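Build out the structure end to end from the sequences listed, making use of the hints.
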Amino acid sequence: MMSRNQFVFGFGLAVSLFAGWVLFPRALYSARPQPVEFRHKTHAEKSGISDCSQCHAFRDDGSYAGLPSIDTCAGCHSERIGTSAAEATLVDHYIKPGQETPWLVYSRQPANVWFSHAVHVKRGGLACTECHGSYGESDQARLYQVNRISGYSRDIWGHSMSRLRRKPGDGMKMSDCEDCHRRHGVDVGCLGCHQ
Amino acid sequence: MSARYGMVIDLDRCTGCGSCMVSCAAENNVPVLPKASARTGITPMLVRRVSNHMAGADHREVFFPILCMHCEHETPCVRVCPQQAVEVDQATGIVMQMPQRCLGCRYCMTACPYHARYFNWWDPGWPSGMEKSLNPGVAVRMRGVVEKCNLCHARLHAAKERAAAAGKREIDPTDYVPACVEACPTQAIRFGDLAEKNDPVSEEAKSPDAFRLLVRLGTEPKVYYKSKEKWVRALAQSNGGRSMEAEHV
Amino acid sequence: MKVTRRDLFVWGAGAAAGLVFSPVPWKLLDDTSIWSQNWPWIPQPARSPVEVKQSFCSLCPQGCALKVRMAGGWPIGVAGVSTSPVTRGALCPLGYGAHQLNWHPRRLQAVRHKESVSSWGAAQTAFAKACGEGPVIVIDGYPGRAASSILEAFAEKRGSYRVALSPELGALAPYERWSGVPANALGYDLENARTIVSGAPMLDGWGSPGRFTRLWAESAAGAKDPQLRLIQIEDSFSRTGSRAWQSVRIRSGSESALAAGLAHVLLDERLVPARGPIPRLTLADAAAQAGISEDAIRELARTMVERRPTLVISNDENPQVAALNVLLAATGARGGIVRRTKGTRHLPADAVNLNARAILIDAKVPWNFTPETDAEIFRFAAWDDGTSKSDWLLPAPGFLEELTDIPAAPTSAIETYAVAPALSKPRFEVQSAAQFLGNLDPSLGTTEKLIHGRCNGLFRERKGTLYGAARVPLEKFDSVQKVEEQLWKGAIWTGDPPSVGGWRCELKEWPQDPEKLRSRDWASEWPAAVLPPLAVKLYQESTLREAPERRNA
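Chains as they are written, first to last, in the numbering used here: chain A, 1 to 195; chain B, 196 to 444; chain C, 445 to 997.
The reader is advised that the hints may include incorrect statements.
Straight-line distance between alpha carbons at most 30 Å, and here's what the computed DSS-like set of lysine-lysine pairs gives [what the hints assert, rightly or not]:
hint, chain 1, residue 1, chain 2, residue 2
1, B, K423, C, K668
2, B, K425, C, K933
3, C, K933, C, K893
If you only want the chain C side, here are some residues facing chain B, beta carbon under 10 Å, derived [as the list claims (entries may be wrong)]:
hint, residue
4, D474
5, Q544
6, L647
It should be emphasised that the hints constitute simulated quantities derived from the structure, not laboratory data. The model shown is predicted, which means the values in this text are computed figures rather than measured ones. No residue lacks a Cβ here, since even glycine has one placed at the ideal position from N, Cα and C.
Okay, here's the thing in structure tokens:
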């Protein structure tokens, strides 16, 4: 039989565990939708885009352009294709006025990080999925969650609060970079990745 | 890749114009703060004016560009840092300062025999809008951290990226030149790989006119100076930075 | 069931134990430390790709070639262009910080009329009214540009066009008086001189930064017996003096006396072919005035001619110093003063009292230029340090904000031509003086059209070489479009090397100093209205330079 003290202690324990694991993450992150509801899967299936680099390209000088500019979208969407609300937003708000879509970048690193896609992809031979997971196959642009204190995207810490059993692409902290560098025996020093 | 980047600065060619100081600050997003003085300002590249203390016709002056010497051996700042915020990079020999890791104790500034380290006494700031003229390759430091010359690491990053994009493992040596070297109107500052035998800079470092500051400390600086004038060489050997400091105050 | 105080403590202990096993403390620690690494109030550069473009600096008449790094539509850094035959990759220390000038808090952002904010419309009306009431003088500080010819064409019809001489151009003015060849047609053949006797800051802001400094570095620096001897004569120990082969110090303001003394020795000892004219001042008096011995002057004169060609370069319009070059036969000679082009004679802006109804001052006129006049002054400027006494202050395009062409630098021995395209957009309404006058009188044309015409002229003449990505003789181009395309991308056209001779100086008697000889202190030539913020490091955060004095402050 549990004593009264044990019960009260356990109750306190349970309350703070619940608060810590369930309520805290909800309070810590605020969520925002992407400006346009984008579907990777639709693009892959309907327009036959199979290679990430068709939209996420390198510039001539070797730097990585990241998210495609509005001109890339306008290549196909100069006029509305289909009748969805997202299509209307894209064409009327961004493509026609020639304004860049203010995408919220899940894997945005802070200003003091220097990360070269060219070094990792072209020289290191890493596949996109090794860091970004299978996001390219997703059917829906998920909500962008931002940490209210640090201002970082949730993807940097990863979606699991415990940081255990994460899938590739879920978690991009410095320790994650270091783990991979250690596994591959690549030592670049602090300013190898910081600027 | 195991380079040992270094410099040879020909003091006979230095006219003390200050182009290196300005271009360094521009490249590395170093702010100019109204309250800063010669003691509290941030000048990772600093040109000092030194004389032979003689009067009349025997009076001679020389300009000494002082930057981080990138000491190869027993690097003083690395040894005292409690935060491991400084390290000698294995691949390049660059003494790398990580301002984000620095806690501002300034042991390294005390330890540095060359006074080549600077403290951010204030939050960096620019007049409204001027932040648009900052170099995107270099993060702005914050108040309370130490900074110094990192041999324009943003330019090294860019060169690495260009090399990787072209499918090369090694950077093209002409693709990585620090801002002060590029800016010097008399080409007094030369930059190269001291470990590379055929590099003109490693050959110049062996010239009889070449010398380093405070070699007796055994820190093996990778910045060499060069002068045909005896008094200049003697000055650097006997008193090192100290007599320069006296001139400066 | 009654809740006791003990229950509360036990509950609290349980909660605390649970907290340790929850992510709260660890995540908060992590997030707050990240937050403290990225203080939100510290500005960070924008994330933009960097592009490299070429243009030219038009802040002063040297017109140096620029490699401009651009991000997000704004210049983020400048460097010299190593393929430029003029600057050979160099810039002055002010140039390296010039990309921040447009953001300077002293940027003139709106039209100002007598201390209060006005409008372009009001300025236009006031100027048009002034034009109708009396003569108008237009003052230019950077003659030879396409914009200059607009200013000149306007001024010819309504008054006069005058030029505020740069110090380098001023030093050539005596030869214009003696030979009739315009000063802006002359240049120094430094490359072929073996001895240069100078009172100018040759290594510290004189001429194109890359030209003499590189020449000196390659053929003089540090050598005991250099190919090029630089003899510096000054009243103080300047940075040029500290680097010169020989440095001679004389009393302040005694340059003319020393020149007369040197002329005596050169003539008496037959060190030069010339036989006159002989200065009135005796050698003894010259020595006394200069504060050095007669023997020192004799020695100096002999050293001067030991290695020829010898060239004397003055700091100002001093005619006696200029006369030395005539004695030395350095006028119209190899290694001396050469004529690079036909040139145009201009009235100087500061020679006489300017009587006019209105004076329009172009933005390229040095900020500290203030005409002695009662006229209404329309002053164009990109920066305003608060010291102007002009009636109207009109915001001009800033650094790299306007299209201009770049004529040869004032001391150049060869003709050059380049086009400096605008690389960034002004953030408020600005007008150059040429645009302003073009609005009043559309028949004057636009800078762009005039530049097009000049390119056409170059193409038709088929002379010289275009230094772009490669060196191509102009005659190899088959269309003007291709020439223009190259020039707009940063190429420089250079004319053929100067021919020796073609002009002579007649000097019947030894010249006298003019009544007002402006002495020039180069340190005070430094401040335009404002300095690039980073240049402040050179005197505020180091002791490399003296803080420039504020003349009008």
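Structure-based check of all given hints:
1. K423(B) with K668(C): Roughly 9 Å between the alpha carbons, so the hint for K423(B) and K668(C) holds.
2. K425(B) with K933(C): Violated, because 47 Å separates the two Cα atoms, which is more than 30 Å.
3. K933(C) with K893(C): 17 Å, holds
4. D474: 14 Å, violated
5. Q544: 5 Å, holds
6. L647: 4 Å, holds
Against the hints set out earlier in the document, violations occur for numbers 2, 4.
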